[in-house]
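Trainee: Fit chain G to the known structure of chain C by using the hints.
Protein sequences appear in the order of chains C and G.
The first sequence begins at 120 in our numbering and counts up by one.
The second sequence begins at 4 in our numbering and counts up by one.
Everything labelled a hint here was simulated from the structure, so no lab data went into it.
Hints should not be assumed to be uniformly reliable.
[Said to hold, decoys possible] Below, computed lysine-lysine pairings styled on BS3-like, alpha-carbon distance capped at 25 Å:
| no. | chain 1 | residue 1 | chain 2 | residue 2 |
| --- | --- | --- | --- | --- |
| 1 | C | Lys-150 | G | Lys-52 |
| 2 | C | Lys-150 | G | Lys-45 |
| 3 | G | Lys-72 | G | Lys-52 |
| 4 | G | Lys-71 | G | Lys-61 |
| 5 | G | Lys-45 | G | Lys-61 |
| 6 | C | Lys-150 | C | Lys-176 |
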Amino acid sequence: EADIYQTPRYLVIGTGKKITLECSQTMGHDKMYWYQQDPGMELHLIHYSYGVNSTEKGDLSSESTVSRIRTEHFPLTLESARPSHTSQYLCASPLGAKNIQYFGAGTRLSVL
Amino acid sequence: AQSVTQLDSHVSVSEGTPVLLRCNYSSSYSPSLFWYVQHPNKGLQLLLKYTSAATLVKGINGFEAEFKKSETSFHLTKPSAHMSDAAEYFCAILGGGYNKLIFGAGTRLAVHP
Numbered sequence: 120e121a122d123i124y125q126t127p128r129y130l131v132i133g134t135g136k137k138i139t140l141e142c143s144q145t146m147g148h149d150k151m152y153w154y155q156q157d158p159g160m161e162l163h164l165i166h167y168s169y170g171v172n173s174t175e176k177g178d179l180s181s182e183s184t185v186s187r188i189r190t191e192h193f194p195l196t197l198e199s200a201r202p203s204h205t206s207q208y209l210c211a212s213p214l215g216a217k218n219i220q221y222f223g224a225g226t227r228l229s230v231l
Numbered sequence: 004a005q006s007v008t009q010l011d012s013h014v015s016v017s018e019g020t021p022v023l024l025r026c027n028y029s030s031s032y033s034p035s036l037f038w039y040v041q042h043p044n045k046g047l048q049l050l051l052k053y054t055s056a057a058t059l060v061k062g063i064n065g066f067e068a069e070f071k072k073s074e075t076s077f078h079l080t081k082p083s084a085h086m087s088d089a090a091e092y093f094c095a096i097l098g099g100g101y102n103k104l105i106f107g108a109g110t111r112l113a114v115h116p
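So here's chain C without its partners, still in its complex pose (with noise of 0.2 Å):
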């Protein structure tokens, strides 16, 4: 098993704040993903990332941009949250030739 970690688990902020949800690996990992939950619905991508310096966007349009300077990190930034921004964000990362993908326990956001 991969071991996927996110942080924080649980955000409630203001409107207008600059937050960054933090997913980190430990297993050396060049592929690594986010993806978006709103509140009784499916998963979409949101970004994904190939190594380092490397970053994509995913099918999902989203206001937050994503970073990886490192391999073992892939935070998730948005500048200025909003209400519409409430949701969790899962970040997975692929485990072997199969690309089995494994998930972090999430960041459950909620903007007010």
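Mentor: Just chain G now, kept in the frame of chain C:
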């Protein structure tokens, strides 16, 4: 393009009875399919995966799924439901040029005493 459709948004069973959660897929080539479970306020946990090996796949916690190409299905089953199985279940297919997961809308499983 790949896609999955979960045929039931809610399934309710009694403890000790069988569970069937249905998933159909669409793929232009041999798919890699997954079932994940999400307990309340938790992340996703991989239950099982099909990656073109045996068509009957056994997963954790007594769950299994059968890949049926002729029916384009990958239904999840368990012979006897436990209260702890109550959760949201997501079927997913690996697809796209960057190996993303494409998820179904989820099935919420309720287990009654």
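Trainee: Each of the hints needs a verdict: does it hold here or not?
Mentor: Comparing the hints with the structure gives:
1. C:Lys-150 - G:Lys-52: Holds, at about 19 Å.
2. C:Lys-150 - G:Lys-45: The hint holds at about 22 Å.
3. G:Lys-72 - G:Lys-52: Cα-Cα ~15 Å, so holds.
4. G:Lys-71 - G:Lys-61: holds (15 Å)
5. G:Lys-45 - G:Lys-61: Since the Cα atoms of Lys-45 of chain G and Lys-61 of chain G sit roughly 23 Å apart, the hinted pair holds (cutoff 25 Å).
6. C:Lys-150 - C:Lys-176: holds (14 Å)
Going down the numbered hints, you'll see the structure goes against none, and every one checks out.
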